[in-house]
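Protein chains: 2
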Amino acid sequence: MNRKLCLFIAMSLDGYIAKPNGDISFLDEMNQEGEDYGYKAYIEMVDTVLLGRKTYDKILSMGMENHYGERDVYVISRTPRKNSGNVTFYSGDIKKLVTALKSKHGKNIYCDGGAETIQQLLNADLVDEMTISIIPILLGEGIRLFNGDYPEKKLQLVRCQKFEKGLVQLHYVRN
Amino acid sequence: MNRKLCLFIAMSLDGYIAKPNGDISFLDEMNQEGEDYGYKAYIEMVDTVLLGRKTYDKILSMGMENHYGERDVYVISRTPRKNSGNVTFYSGDIKKLVTALKSKHGKNIYCDGGAETIQQLLNADLVDEMTISIIPILLGEGIRLFNGDYPEKKLQLVRCQKFEKGLVQLHYVRN
Numbered sequence: 022m023n024r025k026l027c028l029f030i031a032m033s034l035d036g037y038i039a040k041p042n043g044d045i046s047f048l049d050e051m052n053q054e055g056e057d058y059g060y061k062a063y064i065e066m067v068d069t070v071l072l073g074r075k076t077y078d079k080i081l082s083m084g085m086e087n088h089y090g091e092r093d094v095y096v097i098s099r100t101p102r103k104n105s106g107n108v109t110f111y112s113g114d115i116k117k118l119v120t121a122l123k124s125k126h127g128k129n130i131y132c133d134g135g136a137e138t139i140q141q142l143l144n145a146d147l148v149d150e151m152t153i154s155i156i157p158i159l160l161g162e163g164i165r166l167f168n169g170d171y172p173e174k175k176l177q178l179v180r181c182q183k184f185e186k187g188l189v190q191l192h193y194v195r196n
Numbered sequence: 022m023n024r025k026l027c028l029f030i031a032m033s034l035d036g037y038i039a040k041p042n043g044d045i046s047f048l049d050e051m052n053q054e055g056e057d058y059g060y061k062a063y064i065e066m067v068d069t070v071l072l073g074r075k076t077y078d079k080i081l082s083m084g085m086e087n088h089y090g091e092r093d094v095y096v097i098s099r100t101p102r103k104n105s106g107n108v109t110f111y112s113g114d115i116k117k118l119v120t121a122l123k124s125k126h127g128k129n130i131y132c133d134g135g136a137e138t139i140q141q142l143l144n145a146d147l148v149d150e151m152t153i154s155i156i157p158i159l160l161g162e163g164i165r166l167f168n169g170d171y172p173e174k175k176l177q178l179v180r181c182q183k184f185e186k187g188l189v190q191l192h193y194v195r196n
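Protein chains in written order, with the numbering used here: chain A, 22 to 196; chain B, 22 to 196.
Wrong hints could be hidden among the right ones.
From the derived model, a few chain A residues whose C-beta atoms are all more than 12 Å from chain B [to be verified]: (1) Ser33; (2) Leu81; (3) Glu86; (4) Lys117; (5) Asn144; (6) Arg165; (7) Gln182; (8) Lys183; (9) Glu185; (10) Lys186; (11) Gln190.
With a straight-line Cα cutoff of 30 Å, these simulated DSSO-like cross-link-like pairs (lysine-lysine) come out [as the list claims (entries may be wrong)]: (12) B:Lys125 / B:Lys103; (13) A:Lys186 / B:Lys103; (14) B:Lys175 / A:Lys79; (15) A:Lys123 / A:Lys186.
Hints were generated in silico from the structure; no laboratory data involved. Ideal placement from N, C-alpha and C gives every residue a C-beta, glycine not left out.
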C-alpha cells in the first residue's frame, strides 16, 4: 500500500478555517470531554507531517514544540532555515518533496496547514485523502480552506459521521 | 408555529453552487432512479417560493414555467416587471417582503436562489433553516453559495444524511 498525503482539518459551513486574523476560537464550541473527533486514531497512522512556515511558527509560539512527537516534520518555507532535530525546512518545489516522501516506505503524510500550503498541494494534485470536519457556524469572513486554482476533481465519500456537538466529519478519497 | 424561510440547495465540497458560467452539470453525477434527495417531501412543506430574477429567467428558459405549481412565487428584480398569475415581481426591500410573508399564516417559504438573493437573505439574517447537500467534488472555481458580509452566526445541526452516490445532506436551523 502506498503512503497517502492526507488532510485532517475543520472548517465552518461557509468554508473558513480561521477568521481573517487567524483566530480559530470558533472551534472551542466543539470541545467535549473524552471526544477528540478521531484525531488520536488518525495521527497514529501518520509518521510524517508537512506544514507551512507560518503555521509552524504559530505552533511554536503556543509552546507546542513537541506537538508532532517523533514524527518527521517538513516545514515549507520561502526562506531557508536551519534544520533542527526531526524538523526539516524546505524551500524547494513542493511536488518534488511530496513525490520523494511518497516513494519511501512509511505511514501516511499529514498536511496540517495552513491554507496556502494546502492550496499548493491541491493545485499540484497531491492530496490523496481529506478528513473535513464541518463546524455548525457561519463565520462570514476569514481564511478559506478552498481558494485555489486547482482543476475540477471528483471525490469519493468513504465516511460521514455526525457528532453530538453538531460537527459533521466527512472523509473523502480520490475517485 | 411560525413560517420559516428555508434554503434547499446543493454545493460542491469547495462551496460552489455552479461553475462561473452558471453550469450545474456537476449535479448530474448524483442522478439516481427513485432518489430525489428529499426534494418532494421538502417542497410539500412549502407554499411560497422566493427567487432572484436571473434564476427565474433561467427556469423559464428551460421551459419549466410550472416548476412551482400552485405556489406563490416572488421574484426579486431590480427592474419592475408585470405580475403574471401567481408570480409577483418585487423590487423593494427584501427584508420588508420576507417579514410580511412570515407574518402571514402559511407553510414554509423556500428560497431557490440564486447566490445573490441568498446573500441578501443571509446579510439581513432572514434565513431560518438550511438544507445543504454537499456533492463529492471540488470544482475549483465558480459561484459561491457563501460569499457574503453577514455577521457570524451559530447554527444547530438537526440532521445529517449520507446517500449512496456520496452526497451528504446537512440540515441546520438557527441556534
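To see whether the hints hold, each was checked on the structure:
{"no.": "1", "hint": "Ser33", "result": "violated, 9 Å"}
{"no.": "2", "hint": "Leu81", "result": "holds, 29 Å"}
{"no.": "3", "hint": "Glu86", "result": "holds, 32 Å"}
{"no.": "4", "hint": "Lys117", "result": "holds, 23 Å"}
{"no.": "5", "hint": "Asn144", "result": "violated, 9 Å"}
{"no.": "6", "hint": "Arg165", "result": "violated, 8 Å"}
{"no.": "7", "hint": "Gln182", "result": "violated, 8 Å"}
{"no.": "8", "hint": "Lys183", "result": "violated, 4 Å"}
{"no.": "9", "hint": "Glu185", "result": "violated, 10 Å"}
{"no.": "10", "hint": "Lys186", "result": "violated, 9 Å"}
{"no.": "11", "hint": "Gln190", "result": "violated, 10 Å"}
{"no.": "12", "hint": "B:Lys125 / B:Lys103", "result": "holds, 23 Å"}
{"no.": "13", "hint": "A:Lys186 / B:Lys103", "result": "violated, 48 Å"}
{"no.": "14", "hint": "B:Lys175 / A:Lys79", "result": "holds, 26 Å"}
{"no.": "15", "hint": "A:Lys123 / A:Lys186", "result": "violated, 36 Å"}
Of the numbered hints stated above, those contradicted by the structure are hints 1, 5, 6, 7, 8, 9, 10, 11, 13 and 15, listed in ascending order.
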